[in-house]
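Peer 1: The task is to assemble the complex, starting from two chains supplied on their own in separate frames and drawing on the hints.
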Amino acid sequence: MNAVVKPPEFKPNETFRDDFSFRNSPAAIRRFPMPFPSDDYMYSVNMEPHVPGAAGSVAEHAFDVDEHYIAECRERAIVLAAEPLRFQALPHMQSAQWDCLELIMESLARDYPAHFSLSKRGNHWHWINRPLGIDQQFMFGDPASLPHQPLDYITRQTQGDFVVMDQRDGDLWIQAGMITAPADWSLDFDMGMTFKEWHGPVPLAHEMNVFDRALKYLLNLRLGQPVRRLNWTMTIHPRLDTSPENYPFWGPERTTVTPQNAGDLVHLRVELQGLWRLPRSNGIVFSIRAYFISLRELASIPKWARRVHRVVKNLHPVLVDYKGLTRYRDAVVEWLAPFDDGSPTSSGTAPE
Amino acid sequence: MTTTRATTAQAKTQQAQTIAVEVKAIEQVTPLIKHFTLAAADGAALPAFSGGSHIIVVLRGATRVYRNPYSLLGSPHHLDTYEIGVRRMEESRGGSRFLHENVSVGSRLEIAHPVNLFALAKIARKQLLIAGGVGITPFLAQLEDLRGGAAPYELHYSVRSPEHAAFLPRLREREGDRVHMYYDSESHAIDFDGLLSHQPLGTHVYVCGPAGLINRVLTTAKRWGWPDSHVHSEQFSAPPVGDAFEVFLARTKVTVRVPPDQSLLESIEAAGVEVPYLCRGGVCGFCHTRVLELDGELTHNDHFLSDVEKSRGKSIMPCVSRAHCRSLVLDL
Numbered sequence: 001m002n003a004v005v006k007p008p009e010f011k012p013n014e015t016f017r018d019d020f021s022f023r024n025s026p027a028a029i030r031r032f033p034m035p036f037p038s039d040d041y042m043y044s045v046n047m048e049p050h051v052p053g054a055a056g057s058v059a060e061h062a063f064d065v066d067e068h069y070i071a072e073c074r075e076r077a078i079v080l081a082a083e084p085l086r087f088q089a090l091p092h093m094q095s096a097q098w099d100c101l102e103l104i105m106e107s108l109a110r111d112y113p114a115h116f117s118l119s120k121r122g123n124h125w126h127w128i129n130r131p132l133g134i135d136q137q138f139m140f141g142d143p144a145s146l147p148h149q150p151l152d153y154i155t156r157q158t159q160g161d162f163v164v165m166d167q168r169d170g171d172l173w174i175q176a177g178m179i180t181a182p183a184d185w186s187l188d189f190d191m192g193m194t195f196k197e198w199h200g201p202v203p204l205a206h207e208m209n210v211f212d213r214a215l216k217y218l219l220n221l222r223l224g225q226p227v228r229r230l231n232w233t234m235t236i237h238p239r240l241d242t243s244p245e246n247y248p249f250w251g252p253e254r255t256t257v258t259p260q261n262a263g264d265l266v267h268l269r270v271e272l273q274g275l276w277r278l279p280r281s282n283g284i285v286f287s288i289r290a291y292f293i294s295l296r297e298l299a300s301i302p303k304w305a306r307r308v309h310r311v312v313k314n315l316h317p318v319l320v321d322y323k324g325l326t327r328y329r330d331a332v333v334e335w336l337a338p339f340d341d342g343s344p345t346s347s348g349t350a351p352e
Numbered sequence: 353m354t355t356t357r358a359t360t361a362q363a364k365t366q367q368a369q370t371i372a373v374e375v376k377a378i379e380q381v382t383p384l385i386k387h388f389t390l391a392a393a394d395g396a397a398l399p400a401f402s403g404g405s406h407i408i409v410v411l412r413g414a415t416r417v418y419r420n421p422y423s424l425l426g427s428p429h430h431l432d433t434y435e436i437g438v439r440r441m442e443e444s445r446g447g448s449r450f451l452h453e454n455v456s457v458g459s460r461l462e463i464a465h466p467v468n469l470f471a472l473a474k475i476a477r478k479q480l481l482i483a484g485g486v487g488i489t490p491f492l493a494q495l496e497d498l499r500g501g502a503a504p505y506e507l508h509y510s511v512r513s514p515e516h517a518a519f520l521p522r523l524r525e526r527e528g529d530r531v532h533m534y535y536d537s538e539s540h541a542i543d544f545d546g547l548l549s550h551q552p553l554g555t556h557v558y559v560c561g562p563a564g565l566i567n568r569v570l571t572t573a574k575r576w577g578w579p580d581s582h583v584h585s586e587q588f589s590a591p592p593v594g595d596a597f598e599v600f601l602a603r604t605k606v607t608v609r610v611p612p613d614q615s616l617l618e619s620i621e622a623a624g625v626e627v628p629y630l631c632r633g634g635v636c637g638f639c640h641t642r643v644l645e646l647d648g649e650l651t652h653n654d655h656f657l658s659d660v661e662k663s664r665g666k667s668i669m670p671c672v673s674r675a676h677c678r679s680l681v682l683d684l
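In order, the protein sequence lines correspond to chains A and B.
Under our numbering, read the first sequence as residues 1 to 352, first letter to last.
Under our numbering, read the second sequence as residues 353 to 684, first letter to last.
Just so you know, these hints were derived from the structure itself, not from any lab.
Treat the hints with caution; some may be incorrect.
[Said to hold, decoys possible] Taking CB as the label site, the calculated pair distances span:
#: 1; chain 1: B; residue 1: Arg-477; chain 2: A; residue 2: Gly-224; range: 46 to 54 Å
#: 2; chain 1: B; residue 1: His-430; chain 2: A; residue 2: Gly-224; range: 48 to 56 Å
#: 3; chain 1: A; residue 1: Asp-184; chain 2: B; residue 2: Trp-576; range: 31 to 39 Å
#: 4; chain 1: A; residue 1: Asp-184; chain 2: B; residue 2: His-430; range: 54 to 62 Å
[What the hints assert, rightly or not] The following residues of chain A were derived to be distant from chain B, with all beta-carbon distances above 12 Å:
#: 5; residue: Ser-21
#: 6; residue: Arg-31
#: 7; residue: Ala-114
#: 8; residue: Gln-157
#: 9; residue: Gly-224
#: 10; residue: Thr-255
#: 11; residue: Pro-302
[Unchecked claim] Derived contacts from chain A toward chain B, CB cut-off under 7 Å, selection only:
#: 12; residue: Ser-57
#: 13; residue: Gln-94
#: 14; residue: Arg-168
#: 15; residue: Asp-169
#: 16; residue: Leu-223
#: 17; residue: Pro-279
#: 18; residue: Arg-280
#: 19; residue: Thr-326
By construction, the Cβ of each residue, glycine as well, lies at the ideal position given by its N, Cα and C atoms.
Chain B with its partners taken away, still in its complex shape (with noise of 0.2 Å):
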């Protein structure tokens, strides 16, 4: 039971082991996403990372935690700041808002060590980046490794419009005419058989985004034959909204009530119950919960469990998902 015990201790160190922080700088970039410069709140250089990676942003409510994930979008090479993009999520529990409308220059924050679950893959002979809209945030550190390197690699970034570009300017500069813009209000969209139809061998392609463009490429990159292994997306959901529900944990014997606006996750914490997380955005897998019992069903919102494990009811992700029941019990 060695594994069990070494788990749970790892999870406490997780979760104990943050960064204090203070907002050094933040920008509306766009009407909607504003970009938030941090540093250590005790001046000191902040862990090196790779591109990709994302940091989970403890915001303190005044009545509620929320933790957030957002990709790292500045520099590996500058360890100073660390820099992040939020985009104001309206039909949310509030953590983006939060960020947007309570936080200013000077405010103090948490954030946890940097984790990368959307790596670049380092044997690639030619690396192809697809942003939509806020998605563009991992890769504006990813192309900070890429600059220099041997594998050609190009950006194609599509938005609603030129003011919605988020970062255009930065991208121009450093990145010149390997960036190609796409503007949704000019009708210009991407061509994804053109671009996964003549790509040359050996190449990955990356895509962040909204749902619809991330299922475009891998749909079109499936049907022209590009392996599982090249091809590479990250979609955080953030937790939506639903309705109440009540679950039990059977190992610690405690009842929690999740209200529409909280995820399970983060009820679950809140009564002081800690489950092993990376990503909190239904990802990565770090906190697959065992159901136990289940008097009506489960809204599976995460983008690790198949299908298959979906439909029966034994496991449950518990910072994206939710569920619609009379009673539920976990393993917890």
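The following block holds chain A by itself, in its conformation from the complex (with noise of 0.2 Å):
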């Protein structure tokens, strides 16, 4: 193994609820992915394609697995055990949940070959996921060889939520996924909808045909070339679950948010999205990976504080209230603005 890149330290005992305990490390705070290339903020449909990045960065591999992939896992055991219609499919999405077993098995063992090893004889399977210590023989193909549907079996051991989209009429269906750190929107209400339906509540997007081109473009995503964007919201604490079933439980906290504490308190979430057409079933899967980083620790990098202070500060009014920020907009802003001297920012994402 001549590895440039150091594989991540898994922190296990990392909590994303009660008390929260979820740091960035130093090198995950600079491998952190930044959504905001220049100083404002406004939709585009931006999308790339999702090919190697650079080494080290979240783009390098097809599914990213960094320091807190342990104790996201255990967290979505968490969700599910409480809550199991987080993890829906409907029958006719056997086989599209087979291609997503298959596209992350791939990956993982190929980008991760320490971690993860994967061996084939025909159908018979062998998969071993060595950080969770998962030792698993099963028949490509027969639902009945594995403890869980495949499409459940393999994210309960991967970071990020998942979308299983069928295509027909034109159209992108939401008919299977495994969303338990969904940035308020729940699988369970979604199931079924349209690509449109689906989106309905983001606002000003719909007036742009942002939806209609990103649907044509999807329609059209071809096999073997995946594509990324990435998102972004806030939410307090690292808290992974901000659904719409639990908001009671997170909803208040952001009454809670003061220009002393929002250092600590609010996290610039960012989703790094990702795109891949299904060879079997022809329908399409999409990763939503969530990344957590608080105020604090973003200051740690000037350019970035600079930046998100301008974005944050000069956001739309419809996107802030679209993101939730409506609350504690102004606490972020002014818990920034120390950090922001009114020097230019370089255009890009990286840290400088």
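Peer 2: Now the structure itself:
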């Protein structure tokens, strides 16, 4: 093994609830996927080919495994134990589920050979996940040979949420998914929706024809040529499960932010979203991988502090409401203000 | 402008990414159709696909390159080889003739990853497949996906005469009496009204074959009140031959001459300008190009633009469409 970048050291005891012990290491801060290439923000169809990014970056591999891997998998198991409907799959999505399992297993085994391995003898597959201590032999295509449905099984071992869409009638329909870390949307509510119905609540973008263009682009998504984009919001605490189902637990937290505590309470949540055409089902899988960074962690990179201060300060009022920032946007701006001396930021998202 | 950049970047990877294959077997299955079996040149498994997918086959002739779409007809469960059926087209630019005459066992070709523009609806309660001639090819792969599934299905296959019934032995062996044959030579035609007037609710119908067959199915289905979402058709147009013309590409500032037997897309590619494409058969809309100036008439041969869009003359699908013109300027 002559890997240039050291594999992450896992922090298995981190939590995303209760005492919120999640923190980023200095290395995790530097590789954080900043979503703002300039000091202002508006929607765009910001998709690009999901080709390997720089070594060590979150886009280096198809599915990024970082220091939070074990802790995020445990968080998913906690949510599923309480709310099994966070995983759902309609009966006609069986082949798409196997497509997803294959995609994820092959990617992880190829990209992280020290942690995962996959060997195949015809349809007899042998999967080893060392960080989680899993050693599983099964028959590809036979659901009875796995302890869970194929998509459920493999996404319990993957960071990030997953939506699987069926393509028909010139549209994409949500027909399966594993959603335990949503930014205020519900798989149970959205199952069966078309692409535009699913995105119904998003303001401004419909008028800008963002979804017409995005849908057209995705309907033509090609096998072996995945695409990615970044999206963002803000969250109080590093809480992965900001679901509508649990709104009473996290909604009120937004009233507790002050200019004094914002640096530790408020987190920028960035989603690295990937889209793959699935081979046997002709479906599309959509991965939503959330990264958190507290304002205090973010302020350790001077360029990012200046930029986020400006973006949040000048954000379109409708987006302030849609992203749920209404009650604490001013506190965020006030907390970040001392880090912004007005000097220019270089273009692009790199830390400088 | 991220969109433009991404699309261009994607177009580049897309056209760079081909798979080298070797021809493993060739069989003349009818007087007009040859059956080619292809395997990856490096011996690896080929990418998985779904029934109804096609591949683009890149054929490097002595003086020009052809890129023709062919449906995959082998089983999606066996990825050691891909199989295609090629009908020899006399009145064409020569891609199928090249495959028939210049390609032999051991020949090396390039193919692009499969794309499915004719996918089965997985929620259908019954699947009704109607094929004409070489239009049988996508159904051969789809049948492999349907066999053993919950939904009942049947195939209606119409050909000129028994000697033109490509792949019939394979169909009979695998599908038995789910295959219904129709021979023009015996004046035995599909009873479209009979077939489409009494199917159970939730049936999807699929048709692939000559334009006449497709139109009969589409109009009959419409008359019997089938919802559009349950009626599927695929007809790849081979780029037709036509008069020579010249086109100016405004962004790249290149003048391209389009000879009679080469498509507009092929001519633009030969001039070193890349255009994103998927099907190269006038179906998918990926190569949609804006027309900036036109002194003359466009000859639209695609199935993508609406009649209104075609008459407006503001866009063209360069994979199959041409022009009769003194000048044409495209946004490329």
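Peer 1: Now look at each hint and say whether the structure bears it out.
Peer 2: Hint check:
no. : hint                                : in the structure
1   : Arg-477(B) - Gly-224(A): 46 to 54 Å : violated (33 Å)
2   : His-430(B) - Gly-224(A): 48 to 56 Å : violated (19 Å)
3   : Asp-184(A) - Trp-576(B): 31 to 39 Å : violated (46 Å)
4   : Asp-184(A) - His-430(B): 54 to 62 Å : violated (45 Å)
5   : Ser-21                              : holds (37 Å)
6   : Arg-31                              : holds (22 Å)
7   : Ala-114                             : holds (24 Å)
8   : Gln-157                             : holds (22 Å)
9   : Gly-224                             : violated (5 Å)
10  : Thr-255                             : holds (36 Å)
11  : Pro-302                             : holds (26 Å)
12  : Ser-57                              : violated (17 Å)
13  : Gln-94                              : violated (9 Å)
14  : Arg-168                             : holds (5 Å)
15  : Asp-169                             : holds (4 Å)
16  : Leu-223                             : holds (5 Å)
17  : Pro-279                             : holds (4 Å)
18  : Arg-280                             : holds (5 Å)
19  : Thr-326                             : violated (28 Å)
The structure shown violates the earlier hints numbered 1, 2, 3, 4, 9, 12, 13, 19.
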